[in-house]
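Asker: With the hints as a guide, bring both chains together as one complex.
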Amino acid sequence: MHLSPDEIVYWQYGVIKLSATLVFTWVILAILVVSAYFITRNLNKKNHRSRWQNALEIIVITINDQISDAGLDKPRRYMGFLGTLFLFIAMANLLTIFPGFEPPSSSLSTTLALAFCVFVSVPFYGIKNKGVKQYLLSYTEPTYFMLPFNIVGELSRTLALAVRLFGNMMSGAMILAILLVISPLIFPVVMSLLGLLTGMVQAYIFFVLASVYIAAASTVSAKASLTLTPPQQKAE
Amino acid sequence: MPIDWFTVIAQIINFLILVWLLKRFLYQPILDGIDAREHKIASVLSNAETQKKHAENLEAQYKEKLTNIDAERSTIIELAKAEAHKATLAALQDAKAQADALSIKRTNALNTEIQMLQNEVIDKSVKEVFALSRKVISELADQQLQDKMFDKLLSHLKALSEVQHHELCLAIKKNQGHATVRSIAPLSQPQCEHLKACLEDILTDHPSQRATEQAGGDSLTITLNLVVDPQLIAGLALSFGGWKLSWSANEMLSALQHEVELSIDAQYEENVANMPADNEHHSLSANR
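Those protein sequences? They're chains B and V, same order as listed.
Counting with our numbering, you get residues 2 to 237 for the letters of the first sequence.
Counting with our numbering, you get residues 30 to 317 for the letters of the second sequence.
No lab work stands behind these hints: they were computed from the structure.
All the given hints hold, so there is nothing to weed out.
In silico DSBU-like links for lysine-lysine, alpha-carbon gap of 35 Å or less:
(1) V/Lys-225 / V/Lys-202
(2) B/Lys-129 / V/Lys-69
(3) B/Lys-134 / V/Lys-52
(4) V/Lys-92 / V/Lys-81
(5) V/Lys-164 / V/Lys-225
(6) V/Lys-164 / V/Lys-153
(7) V/Lys-177 / V/Lys-225
(8) V/Lys-225 / V/Lys-181
(9) V/Lys-153 / V/Lys-181
(10) V/Lys-115 / V/Lys-94
(11) B/Lys-129 / V/Lys-52
(12) B/Lys-75 / V/Lys-69
(13) V/Lys-125 / V/Lys-110
(14) V/Lys-94 / V/Lys-81
(15) V/Lys-52 / B/Lys-75
(16) V/Lys-273 / V/Lys-187
(17) B/Lys-18 / V/Lys-52
(18) B/Lys-134 / B/Lys-75
Cβ-Cβ distance ranges computed for the label pairs, FRET-style:
(19) B/Ile-59 / V/Ala-71: 19 to 25 Å
(20) V/His-68 / B/Tyr-205: 28 to 34 Å
(21) V/Ile-42 / B/Val-191: 34 to 40 Å
(22) B/Asn-43 / V/Ser-72: 20 to 26 Å
(23) B/Asn-43 / V/Thr-96: 55 to 61 Å
(24) B/Ser-51 / V/Glu-67: 14 to 20 Å
(25) B/Ser-51 / V/Asn-97: 53 to 59 Å
(26) B/Asn-43 / V/Asn-86: 41 to 47 Å
(27) V/His-68 / B/Val-191: 46 to 52 Å
(28) V/Glu-67 / B/Asn-43: 15 to 21 Å
(29) V/His-68 / B/Val-121: 34 to 40 Å
(30) B/Arg-78 / V/Ala-71: 20 to 26 Å
Since the model is a prediction, treat every value here as computed from it, not as a measurement.
Backbone N, C-alpha and C fix where the C-beta goes; we use that ideal spot for every residue, glycine too.
Looking at chain V on its own, in the form it has when it is part of the complex (with noise of 0.2 Å):
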């Protein structure tokens, strides 16, 4: 079989210009297709990798977040509890505190009324004692009674200390002599000589009293005023003006009733001021 080399020749440029016609129209056309669909298929997968990321990333920032909320509400609340147990604990306690110092209110109040009761009541037995002291007293004072009450006035003037020696001198001259005896009957006449000698005998070792003798003046004469009172009870009163010498059972007994009101008022202050103080416990709840 003959080959035609023409044939041949023009057969190797038809198949030349087809390898460039197809390359032309068919093959880069088609691949540069494909290219371009595989690299926006890549840059698709790309961004929704990007976006997967995106997502995962804030998925995380958000449950950190979340937990971060659950623990701050956790702390939230763990601080309101302590706070609501210790303002409950705190009014309890200042409750607690205030009907304490309402009780120990109540309670003093009601000491303080007691004890003024009792002071009342003895107040009132003490004056009922005096008064029947008094009233046994004034029964029983008779003459014999003045008279020895009258002898221990007299020891009582002779002991007088050197001041109130000085002094009695003093209140004689002052009044002229003149003396106020009150007793609840009337002195003897032998009785009434018997001061008045007493008197004088004081007056006359007075020192002024000797220096005005030796400058030859007169000697002070004593006189009595005698006065009945009988609210001396029992026992005698001399007084030069303002210089007075008792011995009666009116003034004793005074003087013993004072005294016994003295001790009664004392020990209630006593009582009073060992009551528990309302404000000091008070303060002492509200500071717990």
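Okay, chain B solo, but in the shape it has when bound (with noise of 0.2 Å):
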């Protein structure tokens, strides 16, 4: 019994190992760019779709919908980043269906880089958006008495967010194995679907808040695009 899958390794050469995380994050990654790619590779652009096609715009559109209602003004500069977080994590979820896998997501070694991706991209699009001296004054509001729990803040949610993914997914495979030992017959299977639920809902919540902490970061507030605004000059 193991709770995570860095624990299993296929090979290791000094710290380099070969993990369970790994190898399934690449199945995940497979999976993913092969059919992707296979389904976009005929596209058609004009009425006639195939249904890949359609589920794959639908799923394209809703995630731009949902960067957009997070507050984010242009959901395709951030559509890369953050889709790829939702169809990660929730590929890895998914795909627990299958005996034998193990979510990357149960690794507290993956959810730790997602967050610290999530962690970098924040003052990333937050400075590309308002400018250094604007993003790092945004520490200071309201008060420059704010300023260390903003830090802190900002700190304790990039953890939260990589513990939170963590366990809920280790334990839904904890509380799966012990069931299995326990009852192997049709209570499992309840809590599978029940799993498999988690790890839709845990997907989301992780893709939006990444999408609003970025929304936090990157929106101009009123008092701000006051003092940056130049005065407007006729232009003669």
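Answerer: So this is what it looks like as structure tokens:
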């Protein structure tokens, strides 16, 4: 019994370890990329579309709308990062229905890596949209007194992201393993379905929270916009 | 639970690679396809809008044209009606004028015929009246009437004007004093003598005769050629060649008949002239 797929190591050379986390991550990566490639290879840009194309369009448009609903003005700029977050986690959690599959999201290393990416992307998009000074000044809002609390909040929410996903997925796998020992028939199936639901919800939560964090850092406040906007001059 | 930092770093790299790959193979093609389709739909809608506007413009133009055609048709129909009405009125007036002209012509012809008949009747009546008058006078004419008329002739000879007197003298000279006396009965000897004496007196009073006598020439002798002429009806006629003096009922009646006939003819001409002219009426109707 192991708590994380990190503990399953197929090959090791010094610090370099080929764990189940990496292997199943590559599997997910391969499934996503290959299916995307084959579906989008012969895209029909006219009215007649295949069902797979329709499905992908629904997914992409839904992600786009969700990013927009989170408060980001130009959702396509964030589509690559945020959409991939959702698809990766959702795919990892969906594939748990296959026996023997170890979801990479139940590894703290993976969730930490994803949370780190979010942790880096927040200031990246914030600085890109607002500039360095305005972004840094946003930590002092509403007063300079709040600066340390904001920094701590930034770190703790990143950690919370990682731990929330890890905890949920790990607990799901654990409950399933324990139930298989206690009651091997029927009940694990129900729990497996519940695990699928929990996995999708967690993927959605991770995606939405990342969107909200980026939106909070990227949105120019009314006060800032007033100070930043240069006086309009007549072009003469 | 230990954290495997190699796995963390490897997962970060894996995730970034996945981000790039999905961008390349999923989001970009799908979004491009959606954009292309939206663009196409927008262009189709725009095209449809343009065509709709074009169709609306065409519809408006056709409606306007139809309205114009209706108005033009109404105008043409009104004009045609007015023309037809005008032509009908003109035809009616023309027909009426022709009928009037024919009526007047017929009336005139009838009037002319009536006038002619009246004239003829009057003419015949006058001729009958004068014939009757001649007959009555010829029946009444006797020696006593001739004597009276002879006396009247003599009084006329004596009352000749200076010009007539001169002309008579010239005529006597020209005919060498040979006079022709026509009467319904032969003149008596005293009457002949009396007439000769009267003519010789007239001749004697003429200056040329006096000059001849003073020059010791022969005086001109008057000879009378007596002719009985029943056509005179009553009275006498004295003539020297072309010069003639008569006092006869026939001549008086002839003169009177001639005057009456002239008067009747003048009245007829006046009546005919007073009839309405056909052409005048016809031309007046045509102008209207």
